[in-house]
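Chemist: Please put together the full structure from these sequences, using the hints given.
2 protein chains.
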Amino acid sequence: DGTLVNTMEDFDNAVANAQPGDVIVLANGVWEDAELLFEGNGTKEKPITLTVEEKGKVSLEGASNLRMAGQYLHVEGLVFKNGFTPTTEVISFKKDRNSFAINSRVTECVIDDYNNPERHEPDTWVAIYGKNNRVDHNHLVGKRNRGVTMIVRLNGKEHQENHHKIDHNYFGPRPNLGSNGGETLRIGTSHFSRTNSNTLVEANYFDQCDGEHEIISNKSGQNTYKNNVFYECIGTLTMRHGEGTLVDGNVFIGNGKPSTGGIRVINGKQTVTNNYGIGLTGYRFRGAFVIMNGIYNSPINRYDQAKDAVVKNNTFINCDHVQLCAGADAERNAPPENCVVADNIFYNEKRDNLFTVYDDISGINFQNNIISPNVNSISESGFTKLELELEENENGLLVPADATLKTGAKLSSEIATKQNTGVSWYSKKTSDVLLSSGKTIQVAAGLNSLFEAVESSEPGDILELDSGEPYTLTKSIAIKHPLTFRGTTGNKAKILFEKKSLFEIQNGGSLSLENIIFDGEASPDRTGNSVITTSKYSMNKNYKLFVDNCDFVNLDVNHSYDAIRVYKNTFADTISIKNSRFKTISGNVIALDKETDDIGIYNAEYVILKNNVFNGVGGAVLRLHRGGKDESTFGPFLQMAHNVLDNVGHDKRNKYGAAVSLYGVQEIDIKNNIFDNSKGINMHLVVGEPIVKVANNNFYRSDKLEVTGDQKYTVENLWSLSPGFM
Amino acid sequence: DGTLVNTMEDFDNAVANAQPGDVIVLANGVWEDAELLFEGNGTKEKPITLTVEEKGKVSLEGASNLRMAGQYLHVEGLVFKNGFTPTTEVISFKKDRNSFAINSRVTECVIDDYNNPERHEPDTWVAIYGKNNRVDHNHLVGKRNRGVTMIVRLNGKEHQENHHKIDHNYFGPRPNLGSNGGETLRIGTSHFSRTNSNTLVEANYFDQCDGEHEIISNKSGQNTYKNNVFYECIGTLTMRHGEGTLVDGNVFIGNGKPSTGGIRVINGKQTVTNNYGIGLTGYRFRGAFVIMNGIYNSPINRYDQAKDAVVKNNTFINCDHVQLCAGADAERNAPPENCVVADNIFYNEKRDNLFTVYDDISGINFQNNIISPNVNSISESGFTKLELELEENENGLLVPADATLKTGAKLSSEIATKQNTGVSWYSKKTSDVLLSSGKTIQVAAGLNSLFEAVESSEPGDILELDSGEPYTLTKSIAIKHPLTFRGTTGNKAKILFEKKSLFEIQNGGSLSLENIIFDGEASPDRTGNSVITTSKYSMNKNYKLFVDNCDFVNLDVNHSYDAIRVYKNTFADTISIKNSRFKTISGNVIALDKETDDIGIYNAEYVILKNNVFNGVGGAVLRLHRGGKDESTFGPFLQMAHNVLDNVGHDKRNKYGAAVSLYGVQEIDIKNNIFDNSKGINMHLVVGEPIVKVANNNFYRSDKLEVTGDQKYTVENLWSLSPGFM
Ligand SMILES: [Ca+2]
Ligand SMILES: [Ca+2]
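From first to last, the protein sequence lines stand for chains A and B. Counting along the first sequence from 1, when you hit position 135 you're at 135 in this note's numbering, and nothing is skipped either side. Counting along the second sequence from 1, when you hit position 329 you're at 329 in this note's numbering, and nothing is skipped either side.
These are computed hints drawn from the structure, not numbers from a lab. Do not rely on the hints blindly, as some may be mistaken.
Pairs involving identical chains hold if they fit within one copy or between any two copies, as the list cannot separate such chains.
[Stated by the list, open to error] Derived lysine to aspartate or glutamate pairs resembling EDC-like cross-links, with alpha carbons at most 16 Å apart:
| no. | residue 1 | residue 2 |
| --- | --- | --- |
| 1 | Lys95 | Glu498 |
| 2 | Lys492 | Asp519 |
| 3 | Lys652 | Asp630 |
Modeler: As structure tokens, then:
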């Protein structure tokens, strides 16, 4: 029953005439470019409902969105996919700045990969205004562009002390944005952060929400986070601004994934009770549990001091970092004050240095906490070393076997699960395909034979090349899905190519190259060639690039020929180059420095260079740049080991003045490399207390290590020995 | 008659079975993604012909191209449009590196706007290999991406001393590429430049070929350029490499357009006779006539000394620059040797300093040249000052009225015209639409009313706004064609907008803004907003942006908010900002510095800032960057006059350290500006002998002018006075 509408005109008419108790039903099918304005006044007993003919059979696609205004509106069953909103919001509890919805509910809606193709063009999927609204049982998966997934706005009295309820939503995987602006849930903004929101966030499931280091950014007062589960999410539930928030009964499951975190406390009167964390690896602001230093009389957009916090009955099992007074520096010099940390369990038999203390912790009153016997204590009292027997509970979580223990968290039976959140009628499986997971295709040499093989390939396929005649290409190969190119025989296969670049990794593509020679001999006599590039356009899907046992040779027909070239608005989860040889290259091997706005955006998370020989490279082997002062991101991370750099960096166009040039990199591990007749390494260390180790490197007839910036680092065994064999 | 083919399969069969004398006929219609391989052996008497059913009714679109191999092949009537070649060539006289075409002809073919959307992805439209080929009566218009329009390759004996004939082609308008690689015709490459090509280039019409400063790049020996007409082309016919070329009977018509040039002589044994130039304004390498300095024992890719040149019977009327020993510097220190410049006319009554001499001209034997009486002579003998009566000849060119005069050029009646070149069956009209040339549309204020008006607008339209309620936008406006936004009443109209940017100029768009207030008050609280941006994607069409009498205010909701933001691979012909006010801006007004590869590419040709007030701008008012050492381009050009800069440049994120920051700009004219409590101007002067004047500027409580680099400049009246009114 209800009014079945088939067109936008029908819909608008139905809305215009809707009376309390009316039900407007979107007909099955695809609604293209449907900008729905649902405006009306229902009553508590008789709301006006917008729903669908059959759940899962109605989708809003293209440039669609929904605005709501009025009261007692009920929205159910909409699916947004295959497109993106032309405005800044997909589902909005407002029509314009003066009209919004109260006492309304959005339930069982799906927003799936509904993303602006421009990675850094921001929008929000669900924007909650007004008061007393409920957003529940929605399925929100795959947000890939900038902007918070769900947001509660407090811009005005009409939106404050709102008593919204956000419950039983499924927040599905959100990949690393490589920038601030990748929060999954935010309540408030710094501007209104000393205002109370009184929002309840209960029993939501956060599944691999990896957008940035604030999974939740709490920026207002008196909110409650209860019985939520955070499964393999990198980052933390962050009490960024506002006072009097309660974080109770939440579960954080890291499974040892890098940068997974728990709870971060800032500001006054926060209560953290009954939470449970396991296998969380995150460090610094991403610790399993973090209390930050604040600023005396902080500006509203900086860091209020942590005062009067109550942290009781929480359990952290096999987590790597508890961080106290985190972020202490010349500005953030106000340590926690009048805080209680009591009746908690911090248990990790493999990690003695579980706690890091950055400033004075005398303002924290530690009482009756249990730590594993190995853990170094940080206080004369308040911690008891106790060996606990652990066992799995009914949810598979390791908990103390002794049920009578009063210390640690008591978990509710009401916590979120993947099953009891979101909707039952829309799959929670991911469609991501792994590299080399598909079929194997033999490709014979021949003009553009590889191009044609790629055209008919499917995601995950492996293209096998042999070592006979070279493969020749007069066309560039677009990598639109994960593909592997592999030379099969003992000798490497060889590829010659006539376009400006051989491979272009496009949105959705990833590339693995094994046992192949890339010879630049047939490249056009122009500047700016490269063997591999990313798309020149924005990519909102992160890519991977693996190079193993390959040769890149004769990349010198003209100047500025790079082995790999990336573009702005692209982001690699991993770039790994191993066991390969780079010989005679006029440009760089790889410059990851296209985000020049210096607002905390960068081009790659993990960069790995192992066991390679770089010989006669005019530019740099690596430039890795992460500009800006923002602390919201994780990487970039660099591992560089067992490489030989011979005659690298001497071209007059090498603007980095180094063979390896690093700026703002967050983790640097450079070991066992040999530099001969080469430029050296420069690194500018800023932002985020980077972890920097440089050890056992030999700089012979070469520039050495030059460090600038204001952060710490360690250098060991910097040699200058002739690398010739004896 | 002939074999009518309807499909690619038919075509391939017909080609496989073709005998001398056969005619293969492409059926009328659109051939999509047709990669034709035309391979066969005709005879001199019985060529194999590839033609079309009806001329103008067959087009090759999408990813199409043509390769030829064999001998006595005749191609006629193909039209390439609406797409671009997937390889590096559209029409190629080769199949692969071992098979090419000889004794063949391509005639009456059209290539129209057949461009890779990636501006700097290079390709060539017609690539001539082999020997004794003729390319004639083709129509080639609108090449917008990088790469030479037509090229003769000499890579191997089989392609040298080729005796190709290139005649009666219509080379239609080619816009400024803003980079090297925009040549219209190139014969040879530096690598084979000491080899003879023996190509005849006769009676071609070059119509506004403005790609770069080499209209023709001659890079081989013993070519002939005869009776060609260059109509309003910027740049020159450049004898870049190779000896023994003849340039005879060509006509260069500048009509006073900036940077139009004539002939540039480098290398040995060049002959320049009977050429005619009028109204050419180009300077330095773009002079009406130029002899360059060379390098003793030059590397093959640099500059051989000009030796044994014969420059006789040429006429230059009302041209601005004749440049002798141009490019003289520490490297190019070999002046011309054993050259004759005789019987020429250099006539310009308005320009006394017609000649510029950069080095020793004793190696040039001047004889019997006529100059207008006002012109400053550069030699004690060889020039006669003579007042000439000029009259229009039958082609509308000003020539001496005295027909018996032996001095100067005798023009052939065989010269190219727009009519006798190209094909008769394809229009030579351009489809470009000017700003404000369309209809006027009144737009009332209202949520997204401007967005909707733009959606239904046509190129050239004017959208009129009134000064009542503000115009509010929750969507970004894509500018896909030339559009004008104009506040009509005395008070300015006001626009508020909620997206990251208000206007995005996309490929094909241009924008004019008049009498409007752009208020950033409703912008998202995120970094990196802007009022106007270009496309983030490549634009292969140049755009224009005019701002007149507008206000840009409150652009400070977060940091790095720019008034105007451009992206890589975009190019503005003109950005003009006049009579406008910029107040409270956290980022830059405009940073034209996205081409960071430093290979001679830049973002805007003409930048004009006049009569503006900049007040409280955190970043720079202007950053203009042109990196690299390449000398192939014209701009950027900057005019900055009568502006007030008050409190500009002090934000800590202003990475330019200046209010105005210039790098590699080719013409700088900064006059009558007032700086108060601001950062100053920095300019790095490199490459291309820039013309730099800075005069009558007041730097009060401000940084001043900082100049680096190795080029000349003039500064006058640099004041430091209180700018308050008395
Ligand atoms: Ca954040
Ligand atoms: Ca050039």
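Chemist: Next step is simple, just say for each hint if it's right about the structure.
Modeler: Evaluation of the provided hints:
{"no.": "1", "hint": "Lys95 with Glu498", "in the structure": "between (54 Å within a copy, 13 Å between copies)"}
{"no.": "2", "hint": "Lys492 with Asp519", "in the structure": "within (12 Å within a copy, 60 Å between copies)"}
{"no.": "3", "hint": "Lys652 with Asp630", "in the structure": "between (33 Å within a copy, 14 Å between copies)"}
Hint compliance for this structure: every hint is met.
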